[in-house]
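Chemist: Sequence:
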Amino acid sequence: MATLIGVLLAILLLTNLALRLAKASSTLPFVNSIFFFGIVNLNLILLLVLVFLIFRNLSKLFLERRRGLLGSQLKAKLVAAFLSLSVIPTMTLFFISSLYINSSFDKWFSVKVGNTLQASLEITDSYYKNTQRMAQHFAERISDEMLLRLNLAQAGDRKRVPWELSVYRGNYALDAVEVYWHPLDPRVFVAEEELGGGLFPRLPISTIQEALSGRAVSLVQHVGTGDVLRAVIPLRESKASRKVVGAMAVSYHLPLSLVSKVDEISSTFADLREVNPLKYPIKTIYFSILVLITLLIIFVAIWVGLYLARELTVPLERLAHAVEQVGAGNLDVAISAAGADEIGKVSKAFNEMTSDLKENRDRLETAYRALRTTNDELNEKRKYLDSILSNVSAGVCSVAFDGTITTLNKSAASILGLRAEDAIGKRLASLLVGAWSELQASIDQVLGTGGKETIFKYLNLATPDGRPLSLLVTITPLYDDSERYIGLVLVLDDITHLIKAQREMAWREVARRIAHEIKNPLTPIKLSAQRLQRRYLDRLEDNEVFHECTDTIIRQVDELKDMVNEFSQFARFPAANPVPNDLNQAISEVVGLYRQGHPGIQVEFIPDASVPVFSFDREQIKRVVLNLCENAVSAMADGPEKKVRIATFHKRDADQAVIEVSDTGPGISEEVMPMLFEPYFSTKKEGTGL
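For what it's worth, the working numbering labels the leading residue of the sequence shown as 1, then goes sequentially.
Just so you know, not all the hints are guaranteed correct.
[Said to hold, decoys possible] List of simulated lysine-lysine pairs, BS3-like, C-alpha gap at most 27 Å:
hint, residue 1, residue 2
1, Lys-457, Lys-500
2, Lys-348, Lys-358
3, Lys-345, Lys-358
4, Lys-410, Lys-381
5, Lys-457, Lys-410
6, Lys-622, Lys-643
7, Lys-383, Lys-410
8, Lys-622, Lys-651
9, Lys-457, Lys-426
10, Lys-500, Lys-410
11, Lys-642, Lys-622
12, Lys-561, Lys-526
13, Lys-243, Lys-159
14, Lys-622, Lys-561
15, Lys-159, Lys-239
16, Lys-426, Lys-410
17, Lys-426, Lys-381
[Unchecked claim] Quick list of the computed label-pair ranges, beta carbon to beta carbon:
hint, residue 1, residue 2, range
18, Val-672, Ser-588, 28 to 36 Å
19, Ser-442, Met-505, 23 to 31 Å
20, Asp-653, Ala-429, 43 to 51 Å
21, Ser-97, Ile-205, 58 to 66 Å
22, Thr-476, Ser-662, 47 to 55 Å
23, Val-87, Ala-328, 46 to 54 Å
Just so you know, the hints here were simulated from the structure itself, not pulled from any lab data. Note that the coordinates shown come from a computational prediction; the quantities given were computed from them, not determined experimentally. Backbone N, C-alpha and C define an ideal beta-carbon position, used for all residues, glycine too.
Make a model of the complete structure from these sequences and hints.
Modeler: Okay, structure coming up:
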């Protein structure tokens, strides 16, 4: 019953206060009245909320004490102690603040402040008007002085206007001067360099039209960097004429720092005029806020008392909940162990226990991740090694200690004629049969002796398709850190091309020496035969036989010289002379010769017109085609059909020109094909080969 009476009295008091405030706000403007009424009601709502929270906490504490709950008596004592400590200083602060608010409001709303602000505003308006009058004065003065020398009806004089404006602007220290001949025409504009044209926008069309009609205009334009004060006057045709031909504007720029101060004075004066009727309502709001803060302090005191009481009971509940979490496997749970009392020590010991458990679990997880990372790194290294082995030209094969193949790259599989997928995991001895038995014997030798030295072995074999194969085999045994044999590595290097190159170099050396030994006596023999002809040809009776013999000697010497020159060219590689040539034209010359020299053979030439002109040795290319055609004629000697086909192709993707020569002869056998490019090899009895 007492609670109900207290609530009713509070409602009646707040209703009376709201009615009085509404009456006071009726004298204000509508917008301010609405805003003020909303602020007052917001404060009232906050007051009611605080009263409700205080009443709720006290009621809850009272009910817990009546029920005899654990900690309720401690909560009641703490709340009573905090209320006793907070109410006395709070009420003292409330009365002192009330006196301060009354005195402050009397100073804020004094007449002297309002008069000072009004005088400042009048000074500001006077400054703006004086600046506009000064701008109009200089505009009229510039117009009068300029019309003494110019007739603006003439186009020539109008062109001098920008220069005139620039001179007058500098003489009179003006910020900007501009002239408009028509509202839509570009303006003649001159401004101070530091300010630039961007600070002075174009005049409104209505202002220009008003000046063109003969009236002077003053205006203020607001820009981003301040205010622009402008005076616009009509510009006459000449001093003697009153005809208006343009509009002249003189402008002053007021910086933003000055404009902001002027706006601040105007805003402060306007705020004072608007706020002055709100003296009593605002004071009421301040008092309501003060009451609100007082109630808030009381509420905080009650809340702190309840909080300290909870600090003693809540940790025990948290400890029980944490034990359940640890039992469920959650080791991340932790209890806040603030303080050094018994509860804090228990909480700290519990946290240390869970931390040790979590650390042990993290160590296991870290070891697992490290092991997994190591495994991934080994896999990456293995992939990297496989990538290297698959891209090297040499064949690499690793064999385990029991003779099974563990690694076989593409080159080794190609050389051994195996498939890597089928060979890995099988015994190497079961795969090295036939021609590879010599390699297996060398491997058995390494395994039998148990040596650690690397063995090199040269093998000359033939591939399944009959191609000769020369290999350099490197056999290296492998041992671990404990000197235990773990397998071996085979490295197979295909040196077929190297052997072939060495053989060619040997032939070149033989050819060089033969050419040197033969060439020395040829010149004396030829000179001696020519000398015999000159001296004895006319003296002998049977001079025809003598002439025939000496000519034969000279001719054979020349043929021997040609042969020696061919030996020399083979030994030193003919020097090429590449110059831009037409490939089709060069081949056409060879084809023309053969068509005339071999009328019984059909020579067909199919040129590719897309072959461009490029650099090559014309004579050597013609010689190559000539030799191929000679071989074709020899090959078709006994054939029923004699036809030689020559064609050119342009491979654009490879940037190559291809010459193809084919005939209807029997062709070249597979046995002869590998020896085709060896020196002096030929299938013809009279042939000399390359």
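Chemist: Now look at each hint and say whether the structure bears it out.
Modeler: Hints versus structure:
Proposed proximity of Lys-457 and Lys-500 is supported: the alpha carbons are some 18 Å apart, at most 27 Å. Under the criterion of a C-alpha separation no larger than 27 Å, the hint pairing Lys-348 with Lys-358 is consistent with the structure, at around 15 Å. Our distance criterion of 27 Å between C-alpha atoms is met by Lys-345 and Lys-358, whose separation comes to about 20 Å. Our distance criterion of 27 Å between C-alpha atoms is met by Lys-410 and Lys-381, whose separation comes to about 18 Å.
For a cut-off of 27 Å, the pair hint linking Lys-457 to Lys-410 stands: about 21 Å separates their Cα positions. Simply put, Lys-622 and Lys-643 have alpha-carbon atoms about 19 Å apart, close enough for the 27 Å limit, and the pair holds. For the hint pairing Lys-383 with Lys-410, the CA-to-CA distance comes to about 14 Å; that is within 27 Å, so the pair holds. Under the criterion of a C-alpha separation no larger than 27 Å, the hint pairing Lys-622 with Lys-651 is consistent with the structure, at around 21 Å.
A C-alpha spacing of about 23 Å is found between Lys-457 and Lys-426, which places the hinted pair at or below 27 Å, so the restraint holds. Pair hint Lys-500 plus Lys-410 holds up; C-alpha atoms about 24 Å apart against a cutoff of 27 Å. Distance restraint check for Lys-642 and Lys-622: the Cα-Cα separation of roughly 21 Å lies within the 27 Å cut-off, and the hinted pair is therefore satisfied. A hinted pair counts as satisfied when its Cα atoms are at most 27 Å apart, and Lys-561 with Lys-526 qualifies at roughly 10 Å.
Taken as a hint, the Lys-243 and Lys-159 pair is honoured in the structure, with Cα atoms around 19 Å apart against an allowance of 27 Å. For a cut-off of 27 Å, the pair hint linking Lys-622 to Lys-561 stands: about 22 Å separates their Cα positions. In summary, the hint linking Lys-159 to Lys-239 is supported, as the alpha carbons are separated by about 18 Å, within the 27 Å threshold. Between Lys-426 and Lys-410 the CA atoms are separated by roughly 17 Å; this keeps the pair inside 27 Å, and the hint holds.
A threshold of 27 Å between alpha carbons decides the hint, and for Lys-426 with Lys-381 the separation of about 24 Å falls inside it, so the pair holds. For Val-672 paired with Ser-588, a C-beta distance near 31 Å keeps the hint of 28 to 36 Å intact. Against the hinted window of 23 to 31 Å, the Cβ-Cβ separation of Ser-442 and Met-505 comes to about 29 Å, which satisfies the hint. Against the hinted window of 43 to 51 Å, the Cβ-Cβ separation of Asp-653 and Ala-429 comes to about 46 Å, which satisfies the hint.
Taking the beta carbon of each, Ser-97 and Ile-205 are about 60 Å apart, inside 58 to 66 Å as hinted. Thr-476 and Ser-662 have their C-beta atoms about 49 Å apart, which keeps the hinted 47 to 55 Å range intact. A hinted range of 46 to 54 Å for the beta carbons of Val-87 and Ala-328 is consistent with their spacing of about 48 Å.
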